[in-house]
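Chemist: What follows is the residue order along each chain.
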Amino acid sequence: MKKVILKSEKLCKSFANEGTQNHVLDNVDLEIYEGDFTVIMGSSGSGKSTLLYSLSGMDMPTSGKVFYGDSEITALSEKKMSDLRSKEFGFVFQQVHLVSNLSLMENVLVPGYMDKEKTTGEVKDRALELLETMNISEAKDRLPAQVSGGEAQRAAIARAVINEPGILFADEPTGALNRKNTVDVLNLLTKINNKGQSILMVTHDVRAALRGTRLIYLEDGKVCGEMELPPFDEKDMKNRETQVNAWLSSMHW
Amino acid sequence: MREILTVIKGNFRKNKGSFISVAILMFVVSVALTTAFSVIINTNKRDEEQMDAGGLGDIMAAIDYEYQGQTMDEYHAYCDELANKMLAVDGVERIDQIPTVIMNIVDVNGGDGNGSVFVYDYQSKYLTYNIYDENDKLLTDFKLKEGEIIVPVSFKSLYKTEIGDEVTLELHGWEQEEKTNHTYKIAAYMEDPYMGSSVMGIKTLLLCEDDIASLCEKDFTKEGNALIFSVHKSKESVLTDAELEANLNRETSYASYTWITLTRSQAYNYMTMITNIFAGILVAFIVMLVVATIIVLGHNISSSIEHDFVNLGILKAVGMSNNKLRFSIMLGYLFAGLVGANIGVPVAIPCIAAINKIIRPVIGLYPESKPALFETIISLVAIFVIITVFIAIKLIKIYRITPVSAINGGRKDVHFSSLFKLPISKKALGTSLAYRQLISGKKQYIGAIIITAILTLFMVMISDMCIYFSDEDNINDMFAPVEYDMYTYATSDEEWEEKLADAESIIGKYTDYRKFFYSSRYVLLNDTQIWCGINSEPDYVKSVYEGRTCTYDNEIVITEYMTENYGIKLGDEVTISLDGKSADYIVSGYYQCTNDVGKNITMSLEGYYRLVGEPEEGTRVGCVYDLENDDLADEIYEEITAKYSEEEVYFGYDTDFSGDDSIIFALYGVTILIYILSGIFVAITVVLVCSKIFAKEKQDYGIYKAMGFTSAKLRRQFAVRFVICAFIGATIGIICTLLFSNALLSGILKMFGMYNFSSSLNVVAAIVPIIFMSLVYYLFSYIVSRKMKKVTPRVLINE
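Residue numbers (the numbering used here), protein chains in the order written: chain A, 1 to 253; chain B, 1 to 799.
To be clear, the hints were calculated from the coordinates, so they are not data collected in a lab.
Relax, there's no trap hidden among the hints.
With beta-carbon atoms standing in for the labels, derived distance ranges:
1. A:Glu129 / B:Ile393: 44 to 54 Å
2. A:Asn245 / B:Leu422: 51 to 61 Å
3. A:Lys116 / B:Lys443: 32 to 42 Å
4. A:Glu129 / B:Lys442: 29 to 39 Å
5. A:Glu129 / B:Asn762: 49 to 59 Å
6. B:Leu422 / A:Lys116: 13 to 23 Å
7. B:Gly17 / A:Asn245: 48 to 58 Å
8. B:Lys442 / A:Lys180: 31 to 41 Å
9. A:His23 / B:Gly17: 31 to 41 Å
10. B:Lys442 / A:Thr242: 50 to 60 Å
11. B:Phe740 / A:Gln146: 39 to 49 Å
On a predicted model such as this, the values are computed, not experimentally measured, just so you know.
C-beta: ideal position from N, C-alpha, C; glycine also.
Same shape as in the complex, but just chain A (with noise of 0.2 Å):
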């Protein structure tokens, strides 16, 4: 039996324009497991990216709610909020966000001194070892418009879990990273998975996907439907995507 560690229920998020409302999440009802590596699928203005910030408290809903374990994230004030995010909560984003005037083990450390338990020492090593996974160690020092997309981004993955969150999300990781890069920011994940990360993860790329356990897909602001997958496996690749491919197209993808 699986443990839940995020849910939302009757999850809706409206938009006013030009004084009508666009309803982008339409009472999504949605539990998301622990150690799973969940990806969400769905068309451009499907509402997946939402539907992420969401459960991860990054946007408020119109109405709903989402629990983080036992505690409603909806209503936590901003104080606590900050703290969830700080100890619970990792984020990649798909524009890599990180600050441009640390370099890249600053904006790994910074999180990571957020967490008073910890020394400075404790810290640096955690940071270093982390970049050695993610092979940037050598561009530690380096600024991010020194280093290449998907060594940002690698940063910017090792910055999420610094501290070991709950849950990492991730928005669109791959999305501005070219083949090579999208490859290797894949292959962290998935490792970062296998050692009982739960991640959450919103892609339309389709090779992306195929390293989820969990797959939902999103149309119109509702949950189509899901399919569940065994942890990924390089040699199992080929009939990985055929199974994939053959559930996306029953979602009309």
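Got chain A sorted already, so can you dock chain B onto it with the hints?
Modeler: Just chain B now, kept in the frame of chain A:
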């Protein structure tokens, strides 16, 4: 043109904060400029007008009655003879001989008063004065009754008087021995354009005809005990007052027979000096404000171009030329500035009235409160021309924008390693991140730092000046080039020498002391009347700062005023005359002394004897005492005066500068004004810079929030970097103060006769502006960053 107007409208909509800020900055500049110019111009104009109406002419001279003969008739005959000689000099049209009663103030409003006064009949046919009530209302049909007196309005600040207060005057009899006191009630105030300022030691008072007759009935003519010569220049004369004075002295030596002379231009300088000094400081400050405005504008334009990079590219892509874009942005800023400047002029009117009210008791004049429109408009036009040129240069950047580069997303910040980089620390995470943000975008803060440095320079300078002038020792140092605490005059008591020796033993009982001769006389130097200090111990002249003191009997020390106004320099030989005798002296050094606003020299006692001859043996001479512990002067004076009357041994110890309180009050007023203006300026600068930086860094805040930073933490971090800016700027300002303050203040204070202002930086004067700046920066950057609450990590979402 329609497209330009459309772009301007769009710019106003998008950057209304910037345009409002520019309007406020120009509003502040306009209010300050209009106020300072109007106060200076109105005061100067008022003094000239009142002098024209007053009747004292171009030179006034009080003919000394010690030189006349034995009787008043002989004195008058002597005066007639002197007047006739003077009338024969080219350029003199007429000389009015105005009767006056010369008296001393002994008590005003229950407190000690000091200084000599000329008392005139308030209905004198020669003189006209404006009379005012307690509330500064002009009294056109005022009747002065017996027992009442009219005093200059500066009595309000000098003696804190009100209508109904009593003034006691002392009158010396013809033989000088007999002294009588006379008390009058203040009935009204007068505007005296010659001697009304609180900085002038001699004042004019008005009594009714009967009171004057009663004062003079015993010894004098019914109109007074002395005559004032009012010399009127002929209309055709092209001579300056100083040239006419020199001619008169050359041909009649009249100044040797006067107690005091004052030319109209000297009186004008004394009367307008305080206004000119304070307004001069303000004008210098306004120049700095204009520089600060230009810096803010420059920063604003640069950030706007960066911010609107894409829009500008789009406008270029649709066919707007570089010049049209430049013109539209320039017009927007100039329009905002013009609106601010225009509102500033009428708003300045109550400010002018308020400042006039504050300085009225100090300057003794009632200037109008209307704005000096012509001068203000000319200055504002000049400022706008400078600003226009500056904006035009700044907007050259627009030429570098190509539609493709702009539409592709504009420019992103690229940061490079910096020498000043410090590691991000866990213990001081917020501060180290704030510092990193600061050094990563140094360019954005340079303007704010420069502005802070400029304003701090002025704040420290003015505070330092306040502290300097609040110190009584410094004030006394300014007027007395030698230090002394007590003085004694010779009396005619038969046992004076013995009694003086006993009095000195009383002083010695309390403290050690230095005893020397120190006095002053008016002498003629190259035919110009000059105040001359005479000192038996030239080495005690402590304010010599170039050359050396007047060690030998053929040497004098001079002030820089003498060089600037009479061309006399170190090493020059000059001829000094007194009582018809002359001698040549060499200028051995420059010293500082503000007596007669710097128009003075000092020589040794031997040098003085070389001029007038050695005194006869047995001549009694007074002297001064410099006490080791000057705090005891009060007690010593009490003991000596308890033992000996003034007729036996005369001692005094009060060397206070009479106008200090009012000037310090005005100085503090200017300080507060400079702090307020600086506060407004810094606040606007901070708001502008913060808003631009905030808009630019909005995405970073989203990232930090996504990492778990709270709004409060980010706001503090945002404000801390501006406090660092304030600290750096204020520190640079203090260094500039150390380097330039004395030179700048000497430039302004030379109007006061202070050519070598030297004040070591006071710790309080330095710390207060740093704290003030840091607080304003923290407060306003914290307020601007309230928008941080609305920033959510959603800004990072690309849908």
